[in-house]
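Asker: Okay, here's what each chain looks like letter by letter:
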Amino acid sequence: MSALTTLQISPARWLYLRLSRSPSLTTGAAIILIVLFMAIFAPWLAPYDPTLQETANRLMAPSQQHWLGTDAFGRDILSRLIYGARPTLLLVLFVVLLMAPVGITIGILAGYLGGFVERSLMRITDIVMSFPRLLLAFAFVAIMGPGLLNGALALALTSWPAYARQARAETAKLAKSDYLAAAEMVGIKGPRLLFGHVLPLVLPSAVIRLALDLSGIILAAAGLGFLGLGVRPPTAEWGSMVADGTQVIFDQWWIAATPGFAILITSFGFNLLADGLRDLMDPRND
Amino acid sequence: MTSAVSVEQLSISFPSAKTRFTAVSDVTFSVEEGQTFGLIGPSGCGKTTVLRAIAGLNTGWTGLIDIFGAKLEPGRKITGDTRRNIQMVFQDPYSSLHPRHRIAHILGEPLKVHGAEGIDAAVGIALDRVGLSPALAGRYPHQLSGGQRQRVAIARALLLKPKLLLLDEPTSALDVTVQAEILNLLNDLKASHRMTFILVSHDAGVIGHMCDRGVLMSHGRIARALDRAALSELTEDAVEAAAWDETPGYRGN
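Protein chains in written order, with our numbering: chain X, 1 to 286; chain A, 1001 to 1253.
Worth flagging that the hints you see were computed from the coordinates, not collected in a lab.
Treat the hints with care, since some could be wrong.
Unchecked claim - Under the rule of at most 25 Å between Cα atoms (straight-line distance), these lysine-lysine pairs were calculated in the DSS-like manner:
id	chain 1	residue 1	chain 2	residue 2
1	X	K173	A	K1163
2	X	K176	X	K189
3	X	K189	A	K1161
4	A	K1161	A	K1112
5	A	K1161	A	K1018
6	A	K1190	X	K176
7	A	K1163	A	K1071
8	X	K173	A	K1077
9	X	K189	A	K1163
10	A	K1018	X	K173
11	A	K1018	X	K189
12	A	K1190	A	K1163
13	A	K1018	A	K1163
14	X	K189	X	K173
15	A	K1077	X	K176
16	X	K189	A	K1071
17	A	K1018	A	K1071
18	A	K1112	A	K1077
19	A	K1112	A	K1163
The structure presented is a predicted model; accordingly, all values stated were derived computationally and were not measured.
Please put together the full structure from these sequences, using the hints given.
Answerer: Right, dumping it as structure tokens:
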């Protein structure tokens, strides 16, 4: 008895042990938290207004007044970088909330129910999967006008099928397993079976995929911004900042490099987080 | 004694690419209340398939299955009281417990679904009944040994107070020393809970220790019925021999 009870440790200590064992999770989580902090407290952190134009000080190199220099309109790059975290994270949040749950639910239903339900859900998935993502985003923007949400919507609408596919394959494999047979025998069925028993086994791989996809989505959003189809100027956004910087890339390289670096670091953070989360979510990993 | 389970002319086939593969044909037997009935045979003879049909996990059968006066219908899931009355212990305790649920959840959820109260206490009692410490409730299945897991699986099967317990080679995945413990536990529980067992096994020792009556199966059919005396004389070779009987090309080797 005493040997069993001493295994109980406080939640804080448990978290500390887990984090110290997985450096990638700690680093990834730290990067994402810093970016999140920047986005939330942008008005207090930014030294200048991100849209304030000082044409006298345009294309300045990093200095005491402007730590990362100024762009072609004399706007402070550091301030724009800090404000630029907002659309990026908003996009990520939008996609996470909208796309992953839809994809996973469709996949679990198709995999567990099988038959006609599976065939029809998977054909819909096939159709959506065959849409080219960036072209659909262009079409959305062309119809509804440029803007962050229109671009994000297009990205979200085209990225759920991968989750549905993955969840279906895993669920179909589980449907024949003894765990589910045992659960069925004791009278567990319906949503309780699907979301209480199937979901926990499907979720880890979906979370990893999500975190990997997020870096891709940040890049896609930056791509939309770069093409001038994302956030409308003068709002700061990392992709459009890179686009602005390319005009002067040989003389003032830091203008394109700093937002590019921000994109790189954030994508990297999500990738590390994905790697670490997998370890954390598997109880067998003690 | 009344008949607890009666199975008549049970045939089960699985659809395959071209033809239907018939795994079990024309199986008829009956089990009396309070007995342990053995379904014996070499691997691949269809004994587990029969058990899964009685359990309601495979509904693609024809014939007649009657359990405590309730007729099961092919193609339909078992519901209501009959569902509670039939429980099963699976062969492999490593795959029958959900790997991401704690023991307390595994044992508590069936009670919750059936609207029971005082679940924590009931889980403690259920663990105690199978000889486990209630302190194990906070653990995950992977933190238990094979024997402990099988005890948890037995505790889960007993939670709903079934009248019929189906045992699918409950000890074949376990160490020899643990096997005896589990079998004795099952015999004790049977006496105290007034249950009827149907035991599937290919192990002559297990059959001899547990069963009152049984049938020897071979190639999806009943080869012969065995009474208590025949069961205790059953040898490993006799079970194996059933596999070779009627197999073209092997006779006379």
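Asker: Hints first: check each against the structure and report whether it holds.
Answerer: Each hint tested on the structure:
Between X/K173 and A/K1163 the CA atoms are separated by roughly 31 Å; this puts the pair beyond 25 Å, and the hint is violated. The suggested pairing of X/K176 with X/K189 holds, with an alpha-carbon distance near 15 Å, which does not exceed 25 Å. For a cut-off of 25 Å, the pair hint linking X/K189 to A/K1161 stands: about 19 Å separates their Cα positions. Of the supplied pair hints, the one linking A/K1161 and A/K1112 holds, its CA atoms being roughly 14 Å apart against a limit of 25 Å.
With a C-alpha separation of about 43 Å, the suggested pair A/K1161 and A/K1018 falls outside the 25 Å cut-off, and the hint is violated. Using a Cα cut-off of 25 Å, the hinted pair A/K1190 and X/K176 is violated, with the two alpha carbons roughly 29 Å apart. Taken as a hint, the A/K1163 and A/K1071 pair is honoured in the structure, with Cα atoms around 15 Å apart against an allowance of 25 Å. Restraint check for X/K173 and A/K1077: satisfied, since their Cα atoms lie roughly 21 Å apart, inside the 25 Å limit.
Our distance criterion of 25 Å between C-alpha atoms is met by X/K189 and A/K1163, whose separation comes to about 22 Å. A threshold of 25 Å between alpha carbons decides the hint, and for A/K1018 with X/K173 the separation of about 23 Å falls inside it, so the pair holds. For the given pair, A/K1018 sits about 33 Å from X/K189 by alpha-carbon distance, which is inconsistent with the 25 Å threshold. Simply put, A/K1190 and A/K1163 have alpha-carbon atoms about 10 Å apart, close enough for the 25 Å limit, and the pair holds.
For the hint linking A/K1018 to A/K1163, the alpha-carbon distance of about 40 Å lies beyond 25 Å, and the restraint is violated. Proximity of X/K189 to X/K173 is assessed by CA-CA distance (about 18 Å); at most 25 Å being required, the pair is judged to hold. For the suggested pair A/K1077 and X/K176, the alpha carbons sit about 15 Å apart, so the restraint of at most 25 Å is met. Between X/K189 and A/K1071 the CA atoms are separated by roughly 22 Å; this keeps the pair inside 25 Å, and the hint holds.
Our distance criterion of 25 Å between C-alpha atoms is broken by A/K1018 and A/K1071, whose separation comes to about 32 Å. A C-alpha spacing of about 21 Å is found between A/K1112 and A/K1077, which places the hinted pair at or below 25 Å, so the restraint holds. Taking the CA atoms of A/K1112 and A/K1163, the gap is near 20 Å; set against the 25 Å cutoff, the hint holds.
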